[in-house]
Amino acid sequence: MGRTLAFSLFLIGLTMGTTPVLRAAETVWSGLVIAENVAQPQRIPPELIRIEGSLKKFFGYNQFQVIGQSQKTLKTGQEDWLATSKFFGLHVDARGETEAGYVLNLKLYKEKELLLETDTKLSKRSPLVIKGPQIGGGQLLLVLVVQ
Amino acid sequence: MKTFEEKWTAWVDGQLSGRELSEFEASLPDKAAAEAEKAGAVKLGELLKRELSVRPLTNEEFFSHQLRENIARLREAGAREGRSTWWTIPRLLWTGAASLAVFLVFTVVVMHEKNPAEESQYLTQILNARVDPVVSPNATVSIFEVKQDRVTVLWTEGLQSLPADYAAK
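Same order as they appear, the protein sequences are chains A and B.
Just so you know, the first sequence maps onto residues 1 to 147 in this note's numbering.
Just so you know, the second sequence maps onto residues 1 to 169 in this note's numbering.
The set of hints was computed from the structure by calculation and includes no laboratory data.
Fair warning: this is a prediction, and the values are worked out from it, not measured in the lab.
List of simulated lysine-lysine pairs, BS3-like, C-alpha gap at most 27 Å: (1) Lys7(B) <-> Lys49(B); (2) Lys49(B) <-> Lys38(B); (3) Lys72(A) <-> Lys86(A); (4) Lys75(A) <-> Lys107(A); (5) Lys38(B) <-> Lys2(B); (6) Lys57(A) <-> Lys124(A); (7) Lys169(B) <-> Lys107(A); (8) Lys124(A) <-> Lys147(B); (9) Lys147(B) <-> Lys57(A); (10) Lys110(A) <-> Lys72(A); (11) Lys107(A) <-> Lys147(B); (12) Lys169(B) <-> Lys112(A); (13) Lys169(B) <-> Lys56(A); (14) Lys56(A) <-> Lys107(A); (15) Lys147(B) <-> Lys56(A); (16) Lys43(B) <-> Lys31(B); (17) Lys43(B) <-> Lys7(B); (18) Lys2(B) <-> Lys31(B); (19) Lys56(A) <-> Lys86(A); (20) Lys72(A) <-> Lys112(A); (21) Lys38(B) <-> Lys7(B); (22) Lys72(A) <-> Lys147(B); (23) Lys124(A) <-> Lys107(A); (24) Lys107(A) <-> Lys72(A); (25) Lys56(A) <-> Lys110(A); (26) Lys72(A) <-> Lys169(B); (27) Lys124(A) <-> Lys56(A); (28) Lys169(B) <-> Lys110(A); (29) Lys57(A) <-> Lys169(B); (30) Lys86(A) <-> Lys169(B).
Label pairs and their in silico Cβ distance ranges: (31) Glu79(A) <-> Asp149(B): 25 to 31 Å; (32) Ser161(B) <-> Thr27(A): 29 to 35 Å; (33) Leu114(A) <-> Leu104(B): 51 to 57 Å; (34) Lys107(A) <-> Ala98(B): 53 to 59 Å.
If we take Cβ atoms under 7 Å as the criterion, some of the chain B residues that face chain A in the derived model are: (35) Thr124; (36) Ile126; (37) Val131; (38) Leu159.
A virtual CB, placed ideally from N, CA and C, is assigned to each residue, including glycine.
Kindly produce the complete structure, drawing on both the sequences and the hints.
Here it is in structure tokens:
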């Protein structure tokens, strides 16, 4: 009884110490968002709720609407995808996975014209917001979140 | 009233005296034979006392005896130890608990040392950013980190403004 207990404790400790952390496939949400100031703002999209405070504080708008989005489940960390609206396209090219997140190449197109390109290490715990061009009275924002 | 046998035994042992002694000796039919028998009985008694008494041990015998007892005790203890193992149940439990404690200490130390390195990986990092110089020649980019919400912001200024129609879905 006592020996079995001691052996079990030893085995549990050994298992805890040697078992690698198993990773599940993760989903990256990428969105084209129009930020505006309106009299009666609509409810913020659920994907942006966790960064609502930062968006309002940083950009000074009270309404955020998604005009294009894409959800991609990454399995190899080498996938690429596109989030599009009528005039804009955000091409995301994943170029590998690290312990902290994904290495991504982002390209923002206005129709076929490349406006902006950036390389980033997207942390699994840290969303990325990119301020795009001014559109009318509002602002185009690009948002990437690991869900 | 003592019987003859009792008086005889007392006489042989020299325990009769006075009138009792003289009366007993007078009652003996052959006093000389009785005296010879008494002397023989006394001799026999002395011989038995001398030969049958417990002989005291000499020093050498005493130490030899002690030594043999010690050797026997040690052999018995050795045999007992040979049968048992060091891994008794309490020792197993203590060893298990100690191993877990060492494991936890090392885990805490490793985690503690790993955290500062993770801080830099905590927030999304912008490695580089480029704006098309032809389309937006005066555009600049800046990077902000909002640690409270763990948000990284790539802030562009001077991008070409577009009409509201471009906000269409």
